[in-house]
Structure formats: structure tokens, C-alpha cells
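**Q** Protein sequence lines, in the order shown, are assigned to chains A and B.
At position 159 of the first sequence (counting the first as 1) the number is 159 in my numbering, and the numbers step up by one without a gap.
At position 21 of the second sequence (counting the first as 1) the number is 21 in my numbering, and the numbers step up by one without a gap.
Treat the hints loosely; a few may be bogus.
30 Å max Cα-Cα, derived DSSO-like pairs, lysine-lysine [to be verified]:
#1 B:Lys279 with A:Lys34
#2 A:Lys34 with A:Lys320
#3 A:Lys137 with A:Lys158
#4 A:Lys77 with A:Lys321
#5 A:Lys306 with A:Lys377
#6 A:Lys88 with B:Lys279
#7 A:Lys321 with B:Lys279
#8 A:Lys179 with A:Lys206
#9 A:Lys381 with A:Lys365
#10 A:Lys179 with A:Lys405
#11 A:Lys158 with A:Lys34
#12 B:Lys279 with A:Lys319
#13 B:Lys279 with A:Lys320
#14 A:Lys88 with A:Lys158
#15 A:Lys115 with B:Lys279
#16 B:Lys279 with A:Lys137
#17 A:Lys77 with B:Lys279
#18 A:Lys261 with A:Lys287
#19 A:Lys172 with A:Lys187
#20 A:Lys179 with A:Lys365
#21 B:Lys242 with A:Lys137
#22 A:Lys287 with B:Lys279
Computed far set for chain A versus chain B, every beta-carbon distance over 10 Å [to be verified]:
#23 Gly71
#24 Asp95
#25 Glu113
#26 Arg209
#27 Pro415
Keep in mind the hints are simulated off the structure, nothing from the lab.
Ideal placement from N, C-alpha and C gives every residue a C-beta, glycine not left out.
Below are the chains, spelled out letter by letter.
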Amino acid sequence: MFKTIGLMKGTALAGAALVLGLGLTGAFAQNTVKIGAVYPLSGNAASAGASAKAAIEVAVDVINNAHPELGDLTLAKDAGLPNLNGAKVEVVFADNQGTPAAGQNQTLRLITEEKVHAVLGSYQSGITLTASAIAEKYGIPFLSPESVAANLTERGFKWFFRTTPIASDIAKIYMEFLKEMKANGTKVDQIAIVNENTEYGTSIAKVIREAAQANGLNIGLEIPYSANTTDVQSQVLQLKDKNPDCIIFVSYTSDAILYMKTMQALGYKPPILIGDNSGFSDAAFLKSVGSIAQGAINRSAWSAGKPGSVTDRLNEMYKKKTGYDLDDSAGRAMQGFFTMVDAINRAGSTDPNKILTALKATDLKPNQLMMGYRGVKFDEKGNNILASALLIQIQGSDYVAVWPKDSATAPLQMPYKGW
Amino acid sequence: MKRSVWLLLILALVIVYPLLFTTPFLQRLGALVLLYAIAASAWNIVGGYAGQVSVGHVVFFGCGAYASMAFFTHFGWPPIAAVPVGMAASVGIAALIGVPTLRLSGHYFSMATIAVAELARLIVTNVEALGAAVGLSGPVMPRTVFDLSFTSALPYYYLFLAVLLVVLGLTYWMENSRIGFYLRAIKDNERAARSLGVQAGRYKLYAYMISAGLTSVAGTLYATMYGFIDPESGLGILTSVKILIMAALGGAGLLFGPLVGAAILVPLEEISNNLLGGKGAGLTFVVYGAIIMIIARFYPSGLLKLLLDRMAAAKPAPSDKQVRDVA
Chain A
1 MFKTIGLMKG TALAGAALVL GLGLTGAFAQ NTVKIGAVYP LSGNAASAGA
51 SAKAAIEVAV DVINNAHPEL GDLTLAKDAG LPNLNGAKVE VVFADNQGTP
101 AAGQNQTLRL ITEEKVHAVL GSYQSGITLT ASAIAEKYGI PFLSPESVAA
151 NLTERGFKWF FRTTPIASDI AKIYMEFLKE MKANGTKVDQ IAIVNENTEY
201 GTSIAKVIRE AAQANGLNIG LEIPYSANTT DVQSQVLQLK DKNPDCIIFV
251 SYTSDAILYM KTMQALGYKP PILIGDNSGF SDAAFLKSVG SIAQGAINRS
301 AWSAGKPGSV TDRLNEMYKK KTGYDLDDSA GRAMQGFFTM VDAINRAGST
351 DPNKILTALK ATDLKPNQLM MGYRGVKFDE KGNNILASAL LIQIQGSDYV
401 AVWPKDSATA PLQMPYKGW
Chain B
1 MKRSVWLLLI LALVIVYPLL FTTPFLQRLG ALVLLYAIAA SAWNIVGGYA
51 GQVSVGHVVF FGCGAYASMA FFTHFGWPPI AAVPVGMAAS VGIAALIGVP
101 TLRLSGHYFS MATIAVAELA RLIVTNVEAL GAAVGLSGPV MPRTVFDLSF
151 TSALPYYYLF LAVLLVVLGL TYWMENSRIG FYLRAIKDNE RAARSLGVQA
201 GRYKLYAYMI SAGLTSVAGT LYATMYGFID PESGLGILTS VKILIMAALG
251 GAGLLFGPLV GAAILVPLEE ISNNLLGGKG AGLTFVVYGA IIMIIARFYP
301 SGLLKLLLDR MAAAKPAPSD KQVRDVA
């Protein structure tokens, strides 16, 4: 008898605790916005994933705590999200292991188990593809800060957005730059493209070729090569022989380093040398061949800017956490995260439909961003029509922003100096 | 009698599993176990029964996956409709590479299959029609129910279960037919089998072709569920190894060995990734690898074999009295 009563009491207590608990979590949920982030935290892109994770964690700090020193940057001034009664942001990270299957499984888990209000990810385009398909089925907003593959936004998805510049934006900035050079009297009669021969190199090369044709610039030479190569002498000799006015490299890290070394060994310098992001942006590139690639031009949407600026302060926060400077792709992750949280704040709710409406109405101005985009505004496919990049140049031991003029921190040095 | 009762009980448990564990993640986990069990059971036919350790089975997996995505992309077929295409291609490829490579023995056969798989991956990476390095995707939004694009994992679960039962049924039939006996003879001692008149080359090839065709079905199902395939996930060596490890862990050459292996490894991988992956310390694979090492060191013939041996040991041998009574 006593036992039964005890049991009943226990059950009632447990029930009450449960009700209380549910009530509490209900109330608590109002004060936390949960965002899932699916990144390659293991596998061969793990270092990029780790950088993105650190960048997002810095952004969480910026949003959740008051940072009046960061000026107009979205959500920096006050602690938490003002339109949600100062709600804090919580990020649940998941590892996509570099496979499309794990990316999708983890996105499903974040949505159904962790009950995240929005998902961010997933670096590799193929993984973004499968991960966003699950978000689409569940009707949860998905934002990709860095995947550039064209087909991602051709699927007619309702819940998919991306903030990054895509191949056509990248080609555009090179063309505008080269046209300006030409107008200023620099000889740009023949351009050479040297690209690694998998997806990245091939697709960027293709878009650059098309953009050059449209802009009346002449691509005189195209050299595709394998990024795993250990010898590029014949390619460099070919370049030396044709002597183009400008070379655009689309390379990964080890091959970019090899090209710079071989060019020095063979004593060849083109008047303009452009390296498209990836290999040329890698910290390892600067460290090993920066001194013999003086004047190399690269594209990036990130620049730490002048000391004391908002971007410089963000960079310091990031550096304190990781020990190295913020790079372009981690910066894009951070910007994507700010954009998503800004939309949730404007929605004033974690209801997916309200977030969707707010995302569609996104109109961020350059002063609210930490990346060098002209703003963030989505077209009906979910692409950021104001995404852009700026050109940076190796001067001394670092990259400095040189073009366009209004975002430059140092004057452009021409021609390519080399060593 | 006793055995069939146990089997029915396990089957009943497998059938009700997704009704007991209703969260989408656990249902999907169940579906994934069955999917990998299909692939590992298919591998088991040639790797377990015939003892020809293929480390390039991903070629057939990729064949099925690519067939479904390619026929969808170019002709608008529902992905699942490409099952016969993938199977035919796989069986063809198996015949083509089996004839020369099955003459090789032991490690040399394994090495040759790895080479073929890597070759296939490199070729596909450069074929535009197969999506090259970017990969191919399936229907974005289901057009009809035949696209098998569901939000819930339940339909996948039961579809995979049905296919698995067919594969296991086929394996069971084979195990008890002439080909099964031949294969075991070949596995134990190929020279002895030959001397007794077993046409070893021919039967190894049969096993290889059956195994290839069934592996391709797993590939198609995989692509149907995830809606995307690229060279790394469809033809990467890791998938081959995963299939092989599941069969070996559970017990290669045993009917339910691969199922046991999949039921342990798939949840282990997913759950360790859930718990540890987000930390970004790469711990998932450390734990995963450590468990595989422990099993390989202490139970090399597989967990199911260990269990069966234990059960056999626990059962008392017929005593003299019983024997006399029968007599």
C-alpha cells in the first residue's frame, strides 16, 4: 500500500517536474535562437572547416555580447537579438566528414533532434547540395556562405540562399580590373589562363574565358594542368615563349608554390600576375614563396583594413582565438552567419516562414558587413546580387587591398615584381 | 525448429523497429543499417563464401548509383527505374574484369580490384556526361511517388528491408545449392577443389557477377535516398573498405554476418559523429578505428561467429545415455 502511494507520489512528482521542465524549456526557447552549422571538421577539408567554425564562434561572441566598438556591424552594438527580447544565439556544429551522405544525415539530425531554427553550411558544393535538400523538405532556411557551384541555385529551392560571390562575379572583377588597366595605357593584348584541371580550375577558367570574350579581351593561351604535378617547367617555358601580358592562375596550394619557384628558376616574369584565391590565399603560400611573388594579385572579399577599423578588430578577435589571421573563406562563413542571424532578428521570431520572409527582404549595406561585398540582397534564386570581391596584392610579407580604389589600403604596384 | 523461431522473432523486431523508435534520425539510422547490410551481404557472396576478397566493390556500387542519376539527368527516368541498367552494367563489368583478375590469388586479386576501382573513379571524374568532378543529382522535388523522394525514412526502411530479404534469400539458396558447396570448396583449397573436378574459375566468376549485380542495387538505393552522387562518394575506396569491414566484422561467409556488422558499425559511426563530430577534434574516426582494431585483434572471424561458437559450447553435447536411448 505504502509502496503504491510512494510510487504514485513519485509519478506525480515526475509528471510535475516534466510539465515544469517543458514549461521552462518553452520559456527558455524564446531566449535562444539555435542555428545548425554543418562543416567539414574532419576529412581533407578539415582545416577550412575548423577556420569556419572559429569564425562563426567569433560572430556568436559579437552578437551575444555588446560590442559598441564594432560600429555599424550587424547586431554588434547590443547584447543578443534586440527584436527577440535580447535572445542569445547558440550554434550547434556538426561534422560533414567531407561526404555528401554525412552532410545530409547531420543536417537531418540538426533539424529533427536539435530543433535548430536555421542551417548554415557546408563548404564543399556537393555536400551543400545534399544537406540543403533535407532543409528544403523540412522547410527550414538554409544559407550557404561559401559554396560556388552554379547548380545550387538552379534547383528552384524556396529555402536556399547564399551570400558568396560566384564564378561570374569573380570573372567580372578581373575583367573590370584589366579593362581599367588597359584604359590607363597598360598593354593587355593577350591573357593566359593557367588552371588546374578538376572542377574548380575548369569551371573558373571557363567563366573567365566567356567574360573575356564578352569584354573584348583576348585569351591567347590556356594551359590546364594536374594539381598533383611535381614539375611545371614545360608549362612555364610555354608561357615564356608566348610572353602574355597577363597570366591568371587558378591553382591549389602546392602547385601554386611550384609555379612561383619554377618561374624564378627560369627567370620569367609576366607584367601582370593574378592568382585566383585558393592556393594563392593559403597561409602556406605566403610563407614559402611570398618573397618571390611580390606584386602577385589575388581576389578576396576580405581585407583586415586599416588598424582600428571594424574588420581589423574582428581579425584581432579571430587571431586571439586561432593564432592566425582571418582568411577569405572563413570570413565568408562569418558573413553568412551574420546575414542569417540578422534575418532572424528582423523576423522577430524563430518561425521558419517569418525567417524566410525576412531573408527575402534582406538588404544589408556595405557598412553593416565585415566582408567587402557591395551589400547583401538576394535575387529570386537566392544568390546575393551584391556579392563582389576586391583585389589584393602581395606587398612585403602580406596581402594588402589595392583595387578598387575606394577600398584600397595601399597603392597598386605595377608591374609584377617577383623577387 | 528453434532456429526458425529465433529468426522470426528477429524479423519481427526488425519490422517493428521504426514504429518503436519514431524520431526521424533513428528511423533513418535503421534505413542506413539495412542499406549497408544489402551492400555487405552482396559482397559476402564473393568475399565471404568464395573467399575472393574484393576491395574494389565500390565500382559496382557506383555503377548502380551513377546509372540511376545519369538516366534521371539525361532521360528523366525515376532513379529507381535504373536498377536493371545498373545491374546489367555491373554484371558486364564484373565479367570483363573477373576473367583476368580472378586468376590472381589472395592479395593480388585484392590489389587488382583496387586498381580497377581507382581507374573507374579517375575516368568518371573526367566524363562530362557523368557529371565529371562535380557529380550528378537526382530529382530536386519528387515529381511522382516513383521518384522515391520522401521526407520520412519509413518508406526507405521498408524498401531496403524488402531488398535485403531478397538478397539474403538468394544467398541462403546459394549456400545450400551446388554452387555454394563449390564455392566453399574453392575457398578452403582451390587446388583440391579443382582436382575433384570443380570448375573453380567459372564458379568464382559466377559468384563475382551475382555479387556485382546485387551491390549495384545498393548503389541505386543509396543514390535514390541521398539524391546525389559524385566520384568520391560513389567510387571512392572508403566505401569499398566500409562494405568489406562490415562483412568481416559481423562474420564473412555467414548468412547474417554482414547484417550484424552493419547493425554495429553504422550506428557506431553515426552516433560517434553526433557526439564527437561537432567538437571538431576528428575524434569520430579515432573511436571508430579503435573499435575495428579491437575486433580485428580479438575476434578476427567476426562477432557472429564468436556468438555461434559460444552458443554451441554452451549447449551440452549429447550424453552417452541419450545416445544409448536412441539406439
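**Q** Look at each hint and say if it fits the structure.
**A** Taking the hints in turn, this is what the structure says about them:
no.	hint	verdict
1	B:Lys279 with A:Lys34	holds, 17 Å
2	A:Lys34 with A:Lys320	holds, 25 Å
3	A:Lys137 with A:Lys158	holds, 10 Å
4	A:Lys77 with A:Lys321	holds, 21 Å
5	A:Lys306 with A:Lys377	holds, 26 Å
6	A:Lys88 with B:Lys279	holds, 20 Å
7	A:Lys321 with B:Lys279	holds, 15 Å
8	A:Lys179 with A:Lys206	holds, 19 Å
9	A:Lys381 with A:Lys365	holds, 20 Å
10	A:Lys179 with A:Lys405	holds, 15 Å
11	A:Lys158 with A:Lys34	holds, 21 Å
12	B:Lys279 with A:Lys319	holds, 19 Å
13	B:Lys279 with A:Lys320	holds, 19 Å
14	A:Lys88 with A:Lys158	holds, 27 Å
15	A:Lys115 with B:Lys279	holds, 19 Å
16	B:Lys279 with A:Lys137	holds, 27 Å
17	A:Lys77 with B:Lys279	holds, 29 Å
18	A:Lys261 with A:Lys287	holds, 13 Å
19	A:Lys172 with A:Lys187	holds, 19 Å
20	A:Lys179 with A:Lys365	holds, 27 Å
21	B:Lys242 with A:Lys137	holds, 29 Å
22	A:Lys287 with B:Lys279	holds, 29 Å
23	Gly71	holds, 30 Å
24	Asp95	violated, 3 Å
25	Glu113	violated, 5 Å
26	Arg209	holds, 16 Å
27	Pro415	holds, 34 Å
In terms of the numbered hints stated before, the structure departs from hints 24 and 25, listed from lowest to highest.
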